[in-house]
Amino acid sequence: MARRAPPGMLMYMSTHTAIAVDGLTKRFGDHAAVDGLTFELPTGGVTGFLGPNGSGKSTTIRMLLGLVRPTAGRGSVLGHPISEPKRYVGQVGALIDSPALYPTLSGRDALRVYAELGGVPAARIDAVLDIVGLADRAGSKTKTYSLGMKQRLAIAIALLRDPPLLVLDEPTNGLDPAGIVEMRTLIMSLGAAGHTVLVSSHVLAEMQAACDRFVVIREGRLLFAGSADDLMAVGPDRVTVRPERPDDLDALAVHLRERGFDVAVGDGILDVDASADSSAELNRISFEHGIVLRELSTRSDDLEDVFLHLTEEPAR
Amino acid sequence: MMSALLRSFRSELVRLRRLWTLPAAATVFTIVATVVTFSGASPGGPPFRGPDGAGAVGTTADALTASDGIVAGIATAGTLVTLVCLVLWALSVARDLQTGSVRVLLVTEARRLAYLGGKLFALVTATAVTVVASVGASVATALLMAPTQDIATGQWTPRAVWSAAANLGVAAGLWGTVGATIAMVSRSAAASIAGGLGYLLVGEKLLGLVWDTASSWLPAGTASNVLAGGSDDTSYPQSLVLAALFIVAGLVISLTTLSRRDITD
Chain A
1 MARRAPPGML MYMSTHTAIA VDGLTKRFGD HAAVDGLTFE LPTGGVTGFL
51 GPNGSGKSTT IRMLLGLVRP TAGRGSVLGH PISEPKRYVG QVGALIDSPA
101 LYPTLSGRDA LRVYAELGGV PAARIDAVLD IVGLADRAGS KTKTYSLGMK
151 QRLAIAIALL RDPPLLVLDE PTNGLDPAGI VEMRTLIMSL GAAGHTVLVS
201 SHVLAEMQAA CDRFVVIREG RLLFAGSADD LMAVGPDRVT VRPERPDDLD
251 ALAVHLRERG FDVAVGDGIL DVDASADSSA ELNRISFEHG IVLRELSTRS
301 DDLEDVFLHL TEEPAR
Chain B
317 MMSALLRSFR SELVRLRRLW TLPAAATVFT IVATVVTFSG ASPGGPPFRG
367 PDGAGAVGTT ADALTASDGI VAGIATAGTL VTLVCLVLWA LSVARDLQTG
417 SVRVLLVTEA RRLAYLGGKL FALVTATAVT VVASVGASVA TALLMAPTQD
467 IATGQWTPRA VWSAAANLGV AAGLWGTVGA TIAMVSRSAA ASIAGGLGYL
517 LVGEKLLGLV WDTASSWLPA GTASNVLAGG SDDTSYPQSL VLAALFIVAG
567 LVISLTTLSR RDITD
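Protein chains in written order, with the working numbering: chain A, 1 to 316; chain B, 317 to 581.
Rather than coming from a laboratory, the hints here were simulated on the basis of the structure. It cannot be assumed that every hint is accurate.
Which residues of chain A face chain B? A few of them, derived with a C-beta cut under 7 Å, are [stated by the list, open to error]:
1) Gly66
2) Pro85
3) Lys86
4) Ile96
5) Asp109
6) Arg112
7) Gly118
All C-beta atoms in this analysis are idealised placements derived from N, C-alpha and C, irrespective of residue type, glycine included.
For reference, chain B alone in the conformation it holds in the complex (with noise of 0.2 Å):
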């Protein structure tokens, strides 16, 4: 079983190079926002409130001295590394039932388990490529930006930056898990990446006004706590926690599907 689930990373890693735009338009995105975050910060105005995003634009000078401005950019550019993921996981899933690639694919390895557990791990490969990839774009970008906008850096931390990266990698697996999951119910790329996007951006946001702590319990609000390293209603451990069982629910979901489907067209 395990060399099968090392045969079915590799082919899916052959595969994903095809998406590697991907990757790298969320580095360049979260260059471009550690650049605005940097240039644009002014001496006064509200505090840093870390990586969070919600307070990184318009931050002032001071707040990017503290311990985590060295990864102010991620602050601002979080969110849509996590939508990257969203997308690259639900092509990669839509794309194999919806060109019928599926059919040949689990001809040649039978058991589903091991071709889906193969693609899940190579699409996690993925993702932690890109979040190191974007993590260490805005470190060096920020290092690069700080002496021209005379911010001291004399209290950044590396554990700031192991910290932003750990949560963007879990924030971003639960999107990409989110995208996963409709993507191999739906058998659709189109709506998947609609579904996952509405949801986690539009959908949950609605959920909130008939329901005050919606963001404390589903996925959208819970990758934005995980980012934030927690929030007032719901802490750090409380949300991590919420992230691995929506991931651990979209992974029964997704290979229940799989495994009960019958492949057709």
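Chain A extracted, bound-state conformation (with noise of 0.2 Å):
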């Protein structure tokens, strides 16, 4: 079952479990933009974190990281309180927002930045270039890099450490659709890798057919948090009518408003909103009327259609 915003929920921490937060809070004046968040992740796996703008994502995700202190509420990071991030942010690759790199660097001396700090050995620095397929460019200053090839090394630097959980923010900002694609490919491979990855993300289409879980938040409070599976049985099922006869659909369309369903004409179909348990009446309707139907068939909504349908009820 899908699990809506549960209330008071207690966080449970295990072994299993990468990030749980419990009534997490931050406050700017007198703005929440986290107000009382409670989830927890466990480990493996791709999870997608979903919102609309200014819901409270990057917030989420800079309290998770120990950059921004919650104003309320506690978190843990791979079994560690967040307000100690030094004991888990070595085991935690970042890519936060668009990639700050260093213009007149190489891509590898961009590398070499990070793994001097995080006190990571030269050669990974090669490892996580072939991962992300920037071995070629290495040497080229990342000024001359194309945006994906940027976003691409920024993923290298989140890398550097192999660390068991990828937080990344927005991954494909700015992307086209040939670099989503790859940066899809990328994140599913880091998952199927062993990777904990949390990736926040507008690209519905690209989190649907790369992520296993979601956590879907708007004005800084739970709406969802679940498996990909529960997050698609929220959203309302459409049903797919297609008469025999495309002269009885205008027809038909008319009946079923008249019954009470909301339907919108397509070509030669008429898309019904209404759940898998209509398609008898649907078909009982069109019967009563001597329009035979060559089609009755259910469908789920795409995440796109869940998350609108999600966001758009006031939040629990």
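Two independent chains are provided; combine them into the complex using the hints.
See below:
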């Protein structure tokens, strides 16, 4: 079952919990950027962190990484409290917003900056360059890189310490479609390689393809935390109805609306906002009016529809 | 903690390579200043007043034969070298904050004291390199120029060189700390450089109009006094103590600001 904003959920921290937050709150003046957020993520897999602009995703991620201090609440990352980031940041790789690189340094030297700081052996630099496919351009100054290459270099920085947990905040920002697909493939491969990945993005189609779990927030409050299947079950099902004779399309739409259904007329089909359980009634109405159906099928909403459905509702 | 400091130091050295043009510019300017000082020295005129920058250009050949004539170029170029250090420190601190790279840096090394400490040690190292290069260039140029101007070098002493280098290092460290502190508070390279230079070059002189002894107690005046080895109003030891206090105050402000700040955008 999907878990919707479980009030007062006790924080459960075990060796199988990568991230847990309980009542996490951050206020900037009178504005609550994050308001009593509670959820937990198990280790392994790729979790999508969704929410409209200004919903508190980046602030939450910054609190998890020790960059922003919570106003209230508590949390843990890899079993360590977020009030002591030095105990766990060595096991976390992060890409936060747009890559902040040094334009006059080469890609390899940019990695050296973080390798030196993190105490990572130099040999690891070549390894991560290979992983993100930048080995051929490692000697070029980063100012000559495309945006996609810069994003991949930022991922390489996050991978330097081969961390069990990766936190990627908007890794597809500014990428073209090919770059987005490339990033999705990379994220999926990281998840498959055993990393726990928390990724926020606005490219919902890619998130749907890459993630097996989701956390959805709005106005700093939790709307959903659970598996991808559970999330898809949250959205309203839709039923596609296709009459055998196209001439019957408009008439059938009228009949269905008379019975209270929300119907959109498409190219030879009717798109009915209804659950799968309503299929029989739709079939019956069609039969009553002498309309034979060639197709009557239900389909789940895509993530975009579910997201809009979830985030348009008042936060619970 | 020490290993974290060392890691941060090494990381900052890689980043500082981007700014190598600043020490190079200071060195080149010092060479030019030394050439101008020696080639422009007249047989008569006012006596050479030592490395305070005031009496260097247009000095006499006789003055250049004094024990500190060997660092006459530094007397002229010293202030510029300290300005370069202000820019170097301000840029190094502000760029991390302005570009957001501090986010990734602090996720890599969560101990903010270690991050800032390593950075400051690297900046001190870069400042030392700048000072050594500038003083070395000044001395080398002076040794080359002296025979061409018939200036006797018999009274020139290594002590004057060490003294000039030490004073320049302290003054550069003070100006650098001012730049780094303003950068840490403002999070802007432009604001820190403009604010730092504006205060040190203009603001403090304006203060001097309403406060007679401002130059004895405020940072720019203190740096000048250190460079000059003391002044009529302020002894050399007093200037050194004041410089140390300003540096410590700047470090405390920078560290407090960084440790308390939420790293948002």
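Hints versus structure:
1. Interface restraint check: Gly66(A) against chain B, minimum CB-CB distance 5 Å, threshold 7 Å, status holds.
2. Residue-level restraint check for Pro85(A) holds (minimum Cβ-Cβ distance to chain B is 4 Å; threshold 7 Å).
3. At about 4 Å, the closest approach between the beta carbon of Lys86(A) and any beta carbon in chain B falls short of 7 Å, and the interface hint on this residue holds.
4. With 7 Å as the threshold, the beta carbon of Ile96(A) comes within range of chain B, its nearest partner Cβ sitting at about 5 Å, so the hint holds.
5. Given hint, Asp109(A) at the interface with chain B, holds; its Cβ is 6 Å from that chain's nearest Cβ, closer than 7 Å.
6. Satisfaction of the interface hint for Arg112(A) is found here, the shortest Cβ-Cβ separation to chain B being roughly 5 Å, below the 7 Å cut-off.
7. Taking 7 Å as the C-beta cut-off, the interface hint given for Gly118(A) holds, the closest approach to chain B being about 5 Å.
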